[in-house]
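J.: Heads up: the protein sequence lines correspond to chains A and B, in order. Going by this note's numbering, the first sequence opens with residue 661, and the numbers climb by one from there. Going by this note's numbering, the second sequence opens with residue 2, and the numbers climb by one from there.
No lab work stands behind these hints: they were computed from the structure. Incorrect hints may appear among the rest.
Said to hold, decoys possible - Using 25 Å as the maximum straight-line C-alpha spacing, the simulated BS3-like pairs for lysine-lysine come out as follows:
no.	chain 1	residue 1	chain 2	residue 2
1	B	Lys88	A	Lys875
2	B	Lys110	A	Lys906
3	B	Lys163	A	Lys821
4	B	Lys110	A	Lys676
5	A	Lys765	B	Lys137
6	A	Lys883	B	Lys130
7	B	Lys88	B	Lys163
8	A	Lys906	B	Lys277
9	B	Lys130	A	Lys887
10	A	Lys764	B	Lys84
11	A	Lys906	B	Lys312
12	B	Lys277	B	Lys12
What the hints assert, rightly or not - Far from chain A, some chain B residues (derived; all Cβ distances over 12 Å):
no.	residue
13	Gln34
14	Leu52
15	Ala112
16	Lys192
Unchecked claim - Not everything, but these chain A residues come out facing chain B in the computed CB check (under 7 Å):
no.	residue
17	His748
18	Leu750
19	Ala760
20	Glu766
21	Met784
22	Ile817
23	Glu822
24	Met853
25	Arg856
26	Val874
27	Lys875
28	Ile876
29	Gly896
Glycine included, each C-beta is placed from N, C-alpha and C at the ideal position.
Single-letter residue listing:
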Amino acid sequence: MNILVCISNVPDTTSKINFKDQNEAFDTNGVQFIINPNDEFGLTRAIWLQQKSGAKVTVVTIGDSSCEPILRKCLAIGADQAIRIDAHPLDGFFVASQLAALCKKETYDLIITGRESIDYNGAMVGGMLATMLSLPYVANCIQMDVEGTNVSLQREIDGGKETLISTFPIVLGAQKGLVEESDLIIPNMRGIMQARQKPLTVESAITLNQATSVKIFEKPPEKGPVKLVDSNDVDGLIELLQNEAKVL
Amino acid sequence: MSVVVYIESQKGVVKKAGLEIASFGRAIADASQDSLVAVTFNLEDTSTLKLYGVDKVYNVNTEEDNFFNVERYANSIQNVVLKEAAKIILVSASADGRYLGPILAVKSKAAYFSNVVALPTSYDPLTVKRSCFTNKAFNESTTNEECSVISLCSNAYGLKEKQGLAEVVEASYETSSTSLKVVSVDKVTDKITIADADIVVSGGRGLKGPENWHLIEDLATVLGAATACSKPVSDMGWRPHSEHVGQTGKPVASNLYIAIGVSGAIQHLAGINSSKVKVVINNDPEAPFFKAADYGIVGDAFEVVPQLISKLKALKQ
Chain A
661 MNILVCISNV PDTTSKINFK DQNEAFDTNG VQFIINPNDE FGLTRAIWLQ QKSGAKVTVV
721 TIGDSSCEPI LRKCLAIGAD QAIRIDAHPL DGFFVASQLA ALCKKETYDL IITGRESIDY
781 NGAMVGGMLA TMLSLPYVAN CIQMDVEGTN VSLQREIDGG KETLISTFPI VLGAQKGLVE
841 ESDLIIPNMR GIMQARQKPL TVESAITLNQ ATSVKIFEKP PEKGPVKLVD SNDVDGLIEL
901 LQNEAKVL
Chain B
2 MSVVVYIESQ KGVVKKAGLE IASFGRAIAD ASQDSLVAVT FNLEDTSTLK LYGVDKVYNV
62 NTEEDNFFNV ERYANSIQNV VLKEAAKIIL VSASADGRYL GPILAVKSKA AYFSNVVALP
122 TSYDPLTVKR SCFTNKAFNE STTNEECSVI SLCSNAYGLK EKQGLAEVVE ASYETSSTSL
182 KVVSVDKVTD KITIADADIV VSGGRGLKGP ENWHLIEDLA TVLGAATACS KPVSDMGWRP
242 HSEHVGQTGK PVASNLYIAI GVSGAIQHLA GINSSKVKVV INNDPEAPFF KAADYGIVGD
302 AFEVVPQLIS KLKALKQ
């Protein structure tokens, strides 16, 4: 089985979000980048399939050379090879189109994206990619059981879950549940050393028209301080919620 | 031309998110002098849509298929989009809406904007405000594509009544060649979901154990709220994973979010900070949640919450 895990290079959750160039661009100065958490759940699930049935796991990202450390980390976690498509990811449609071009050159049985990235939160790459490739897509995927060429999956829905069946190839939007946080693999020294020897190839991007573009960023207005109510004055809190916040 | 809106229903009744996206669609249709066309599936009574400004309803009967079959839904909506020569397609930010949106966008050769928080600031070119960086920022995005799919954040626009015609037209349930099939749905029907709730009551480690969750549940019941929990609580198995809200859990965008015994880790706040009003009850005045909250009580949840429940109960009577 050939698995492709699509990785997004995102600012760590604790990063301060700032903008530069008159708020037209994200300021990466001082920002620590990590593997997008949803993608990491998907990668871990892929590594389980590799360990169980010898699947080959390829990771791919779209970005400049500053993304290579996270690809090396994916290799240290256990991926067999990495691909970097050399382009600035302009929007979700651009990313999905680049991935679709790659998937038309290589044959993958299972393509895993994250439910959403924690930077733009678009939640669109998986669905777009699957549709471009005329493949089935399961968003918010919380469970996957493989039986030969058949796969049973669960999708988290509002207020519950849905069970689906399909055949490969398929595209998934991974999230917590597919594996748990405690299952995530912390690279050991051997993994890190091996990762240096594993192939990381750079491919050029296809050219296409940009579907959407960001004109400007803004931060929400500074929030005022919390209004504290005395713990013996529950009536005071109810009064504020009713008459000031008007939410009761 | 027209604006096409996908309206979600459950057991034949329009969901609140469906009325919100209809309200939003009406305002867009008015601004661009178009009519508002809804696509619904198995809707039993279309009269509610009349009150929310819908001009025409394409109601698809899925017959024996009781499931959300994303490909067939997308193809059926796409069919209406072509018929109506729509340039703007609207979906909710529900689990199903966010699943459908990008698929529909590619099929319709449309630009896709998710996480939209307000009416477009321009229609030529179409420009919208979206939340990003997990609600820590916004951006204004634009497109030159002819057609766009917009997914509106929950509770970002609200419900606005306006009279429409709601002329009903039968529409076909399109087929799909996908190998993907939904085989079953496991859904709580007796409880309000986090996605649909106006108020969410959430508990953290400060509640000390699952046996104390009646405090959260009782408060939620009196408020008509959904219950939620922090990540450590679901990791320890005190509550099901489906209640975990935060960056890797469910997003919350309620009108009122009440956090009890939740410290407010940055990953938790990332998932809930698009809620409009946040209340924290915690005995640790240094808990980071106090910096994110609008109202707070520094105190023992085991003393404060029972008082809150009894006062709210009295108020309801």
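J.: Against each hint, give a clear statement of whether it holds in the structure.
T.: Results of checking the hints against the structure:
no. : hint                 : in the structure
1   : B/Lys88 to A/Lys875  : holds, 21 Å
2   : B/Lys110 to A/Lys906 : violated, 42 Å
3   : B/Lys163 to A/Lys821 : violated, 35 Å
4   : B/Lys110 to A/Lys676 : violated, 36 Å
5   : A/Lys765 to B/Lys137 : violated, 38 Å
6   : A/Lys883 to B/Lys130 : holds, 20 Å
7   : B/Lys88 to B/Lys163  : holds, 22 Å
8   : A/Lys906 to B/Lys277 : holds, 11 Å
9   : B/Lys130 to A/Lys887 : violated, 29 Å
10  : A/Lys764 to B/Lys84  : violated, 32 Å
11  : A/Lys906 to B/Lys312 : holds, 17 Å
12  : B/Lys277 to B/Lys12  : violated, 29 Å
13  : Gln34                : holds, 24 Å
14  : Leu52                : holds, 23 Å
15  : Ala112               : violated, 5 Å
16  : Lys192               : violated, 7 Å
17  : His748               : violated, 16 Å
18  : Leu750               : violated, 11 Å
19  : Ala760               : violated, 10 Å
20  : Glu766               : violated, 21 Å
21  : Met784               : holds, 4 Å
22  : Ile817               : holds, 5 Å
23  : Glu822               : holds, 5 Å
24  : Met853               : violated, 30 Å
25  : Arg856               : violated, 30 Å
26  : Val874               : holds, 5 Å
27  : Lys875               : holds, 5 Å
28  : Ile876               : holds, 5 Å
29  : Gly896               : violated, 9 Å
Going through the hint list in order, the structure does not satisfy hints 2, 3, 4, 5, 9, 10, 12, 15, 16, 17, 18, 19, 20, 24, 25, 29.
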